[in-house]
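For this one, chain A is given, so just place chain B on it according to the hints.
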Amino acid sequence: MISERTKDSLGRIFMGAARSRLPARPDDACEIVERRDGASPKQARVVVVTISSMQFRLLLLLHFDDDDAMRDYYVSDASRPLTDVFTEAANLCCGAMNQQLVGHFPDLGMSTPYTLGGQCMAYLAELKPDHVARYDVSINGAVQIGATLCVCTRAPLDFVAQESAAEDTGGELELF
Amino acid sequence: MAAQYGMVAAAAVAGVAFIAFVAAVWYARSQRRIATRVQTQIEQQREALALAEARHDDEQRASSGERDALAAEVARLTDELEQQHARFAVVRSELECALVRGGDALQRASRIAEEAARLKRFADTFERWHEQMTSLMAQNQDMHQKNQELASIVSHVLIVSLNASIEAARAGAAGRGFSIVAGEVRALAARSQELSRSYRDSLNRNDFVTAATFQDIQAGGKMMAASLAGVESLASQLHDAFERAAA
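Residue numbers (my numbering), protein chains in the order written: chain A, 8 to 183; chain B, 8 to 254.
Don't read these hints as lab results, they were simulated from the structure. Be careful, since some hints might not be right.
Said to hold, decoys possible - For each label pair, taking beta carbons as the anchor points, the in silico distance ranges come out as:
{"id": "1", "chain 1": "B", "residue 1": "Arg177", "chain 2": "A", "residue 2": "Gly124", "range": "52 to 60 Å"}
{"id": "2", "chain 1": "A", "residue 1": "Ala162", "chain 2": "B", "residue 2": "Ile166", "range": "27 to 35 Å"}
{"id": "3", "chain 1": "B", "residue 1": "Thr141", "chain 2": "A", "residue 2": "Asn147", "range": "32 to 40 Å"}
Claimed, not checked - Non-contacting residues of chain A with respect to chain B, defined by C-beta distances greater than 12 Å in every case (computed):
{"id": "4", "residue": "Asp35"}
{"id": "5", "residue": "Tyr80"}
{"id": "6", "residue": "Ser83"}
{"id": "7", "residue": "Pro113"}
{"id": "8", "residue": "Ala129"}
{"id": "9", "residue": "Ser145"}
We put the CB at the ideal spot given by N, CA and C, even for glycine.
Next comes chain A alone, as it looks inside the complex:
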């Protein structure tokens, strides 16, 4: 149902969005490696955001631990919990993906993000996904974030994202 070039395009769109939106500062190094072992990232918390269209729904799941490394990197205002700050980053990342996808699928909507326990990932199969891709994201070599892309569709999906599209600055601010 989902062509290989579509899977590749989704991967590139995600990587572009993650590189431009997940680092707290633009100059921070962001390395993304796709996990080939099929195992879910092990972080304890996960932020879920959904992009829906008439043809498919795409879930972006960003896994994180509420640990010192994450807090040191993301929390500049000590009065704000890490979950709030990271949820905003996840929302921006998904917004950037949404902006890229809307060029190929004109009817798209994006949910507000929600945070769940990492144990929930064991039930990803309940959604009967047609495509799942997992990534390890490392920022400055110190902050480790996991990512899962999950696509469910009832119609064939076939599109090719422009090579540079995912790298463009994108991602309008989604208020929530």
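This is chain B only, laid out in the frame that chain A set:
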């Protein structure tokens, strides 16, 4: 001496006579040249006149041709004007009909825009459903905490039942009955622990499926609202176009 005077006088007379002769010859030649020049000028004037007359005749003929062509063109334009007038009458009649239809279409375009704007309020319904998700998830979270507490109690009961079994064993024959009870309690605690784990898994599954489903509903609502905004915008553009055409 007198002879000398006579010769001088004769020479003078001869000189005057010669000069008079030369003057008469020069005058006669001069008159002939003037006459010749005048004659030439007259001929040139005559030729120029003839040329001008010929040109005038040509121009007159050309002018006559142009006048005829112009008259023909005027006649053709008159015909065309009449035809255009007839066509204009037809077009005006059609335009009047179109304006009547346009008025109807204007109303329809306006109605579509209003309907699209009204339907966008569906998004509020989806948001309401999404708020329900937040409430459901809060309940789930509460159940997670209660289940965790239950698991902690069950775990404690297991330890207590194990201790009871040890104490019963120490008591020997006297503790045999107590040992059976402790074993039953341990078995019940183990079953409770299993049930608690299963309950925790169900809650995790519920969390995930509920969040994913309600997010899909919320995102779908936004998608529909965006699509309806597009329809509303198109209907407004159509309405404006009809209004401009009617003006």
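Which hints, by number, does the structure contradict?
-> As far as the earlier hints go, 1, 2, 7, 8 are violated by this structure, in ascending order.
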